[in-house]
Amino acid sequence: MRVFTDSRIEKAERELLAADKPRISVGLATCGISVGGDRVFEEFKRLIEEKGYDVSLKKTGCIGFCKEEPLVNVKLPGKAILVLHRVTPEDVPEILQKVESGDDSFNKVLFQIDVWDHKTVPPISYGQPYEGIKRWQEIDFFKYQEKLVLRNAGIIDPESIEEYLAVGGYRALAKALNMSPEEVIEEVKISGLRGRGGAGFPTGLKWEFTRKEKSDKKYVICNADEGDPGAYMNRNEMESDPHSLIEGMIIGAYAVGADEGIIYVRAEYPLAVERLQRAVEEAREWGFLGKNILGSDFSFDIKIVKGAGAFVCGEETALIASIEGRIGRPRPRPPFPAQRGLWGKPTNINNVETWMNIPLIILKGGEWFKQFGSESNSGTKVFSLVGKVNNVGLVEVELGTPLSRIVFDIGKGAPGGKKIKAVQTGGPSGGCIPEWLFDTPVDYVNLAKLGSIMGSGGIVVMDEDTCMVDTARYFLDFTVDESCGKCVPCREGLKRMLDILDDITKGRGKKEDISLLKELASTVKVTSLCGLGQTAPNPVITTLKYFEDEYIEHVVRKRCPAKVCVELIEYEIDEEACTGCGMCARRCPVSAITGEIGKSFSIDKDKCIKCGTCLDVCKFNAVKKVSRGLEDG
Amino acid sequence: MDFKVVDEIIDKYKDPSGRILGILEDIQDTYNYLPKEVMVYVSKKLNVPLSSLYSVATFYSFFNLEPVGEHLISVCMGTACHVKGAPELLESLKHLLGIDVNEVTDDGKFVLTTTDRKFSLSSARCFGCCSMAPVIRIDDRIYGYVKIKDLPAILKEYGWKEK
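Quick note, the sequences are listed as chains A and B, same order.
Take any residue in the first sequence, count from 1 to its spot, add 46: that is its number in this note's numbering.
Take any residue in the second sequence, count from 1 to its spot, add 10: that is its number in this note's numbering.
You can trust all of the hints, since none of them are fake.
Here are the simulated DSS-like cross-link-like pairs (lysine-lysine), alpha carbons at most 25 Å apart as the crow flies: (1) A:K221 x A:K337; (2) A:K556 x A:K541; (3) A:K656 x B:K173; (4) B:K171 x A:K653; (5) B:K22 x A:K349; (6) A:K165 x A:K125; (7) A:K113 x B:K159; (8) A:K180 x A:K67; (9) B:K14 x B:K55; (10) B:K104 x A:K653.
It should be emphasised that the hints constitute simulated quantities derived from the structure, not laboratory data.
Throw the hints in and build the complete structure from the sequences for me.
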């Protein structure tokens, strides 16, 4: 086995531990950037250059606590990492002055990291802990998490291969190359790892299929076409730790006997593409990609292909068609990609997160991996916890963790003390799970029992202000738009279901619509060709199952209890609360609001387009949404 | 039209995997849309039927067959954004920009452009910034936690004037 010794790794290790000088790293994944992280980084850079501070400034990915971004890690020599939250460019001069003078009384400290287990090396002590500051694992958001996939996210610089190496990177590859491909596959089989893209197929078995095929050429593909709206784990994983993915793919390619790998990334993720591109080039320079990897007779290289915006391309055969330059239409299986995949050659496709688990499984062993998770659902899963929940962010928990732990203990419930009604898991292919079933363990088996799926890991929280009929309509609108149009049940059936839901949300629903919806849903489910059509009715089926009363309210009383369906609501101004400031009237795009300054205003319901601007701009809560329905005329 | 740029793009893609998508993406990055004469040229040069290129261009939402305005505004329609008010943001933007709500583009995609060609408005599936919902993107910049009342100030950064 080749032992990695390179002065560059040692230097990176020293810098990471900041033995000799302060280190500041700014969380710069897309989420951090979109709330101003890039401006914070630029300000640090400008001032460090201008004042000549002896500080090392780095980028890092996202540690998952998206609600608190922009996050900045500050590490003084010999001391723990302090994580500051909601940092603005205005905070930068003070932070730098304190760093320079060794003053550790920073404002905006959220928690500290004294020891971090990157898993691929023994836990790293980053320095002496501070007194009176919570350690990261004492924060409720992190307390229940187990970071296997996100083992490096938010700590290391994703644009530096040296830092990845400093935390044990590419050691699994070296170990794998000293094993036979069959032994590698066996280890993955022992781990019980199942595909993290949604379907949950055993990874080791999938690899074995491709291994057994005889062919002059084989491919491995990383499916990074993360299309579920409301799910962004893969984006963050690629942006925060691209080398873990690349290392996993190289090991997989060795195991199945492939010499070419493709990462298919969706076009909406430009930063992920950029960081992957850079990481691939670095890996090539270091000899982890290319000919005779680490001196072995195994050669393999990776290229990145950008998608162009089509949800259905997450389906394996559609994804392959897309790489081949055709429109992404699925084809019947068999033959499976393991038999005839890209350009007709055996191809193994796995999701980003599946690949990222591989280095750990090889380095620590399948048995070690199995200690995490539950029976037949080993390991962890990263979820994007979003929607009407206080702590939005990326949450990695062991499979089998109950939903209530994720939504209430980690997510801290809904903002404004609202009542949580349901969560939606699995995107357009998944379903809505009502609050009274939140003790369900989250894994492949149990979510399927409820009519939902694990999917790629999106958990969208819905509170009392979310309309479940509108939610079902929303997903159908999505799948109708994304249906490739090849098979009739999906193309026509979903369209018809959407028409019915449109009618219901617009107050034109009839009682028989509900039974018709159920019938159509089951027909589309059993007769569609690919996963998109087979699962597209799930949001409708589950909302009908758990929230039929809301459908009935819409159909019978023409009322939207959550006050969401535009045609069934009206905006009103409460005369008592209105101060007559006139802000709403000035901002109303259709001049539907009239009144006298200092007195009160009113809305002309015929002119009103229900855009909600008045509600948003009113500082006195005088604008109300009402859904009266039939009873009040 | 100068096809030297197009030749350079085509030359970049030697490997067949991802070739067609890559070429079309680069052309769109260069011209802001896929001009018909360029498509015809690419079709001849690659020896791929124009109809195939056309089907790819209309199948994937990333491609535009019509030029878009100077600034492209995309409203994220992901689930998190949806439950946090993206439809209202889109509605409000249409009115602020003075875009006719009934207008539909020829290729059936939702991209609407103001008459002065300064802004185009479109909806996007998901930027993966769900934690910052609702989110809009203008050109390359993503704005998180957007409120209807913030929209005029954001648009003014791009030279929008209140009517």
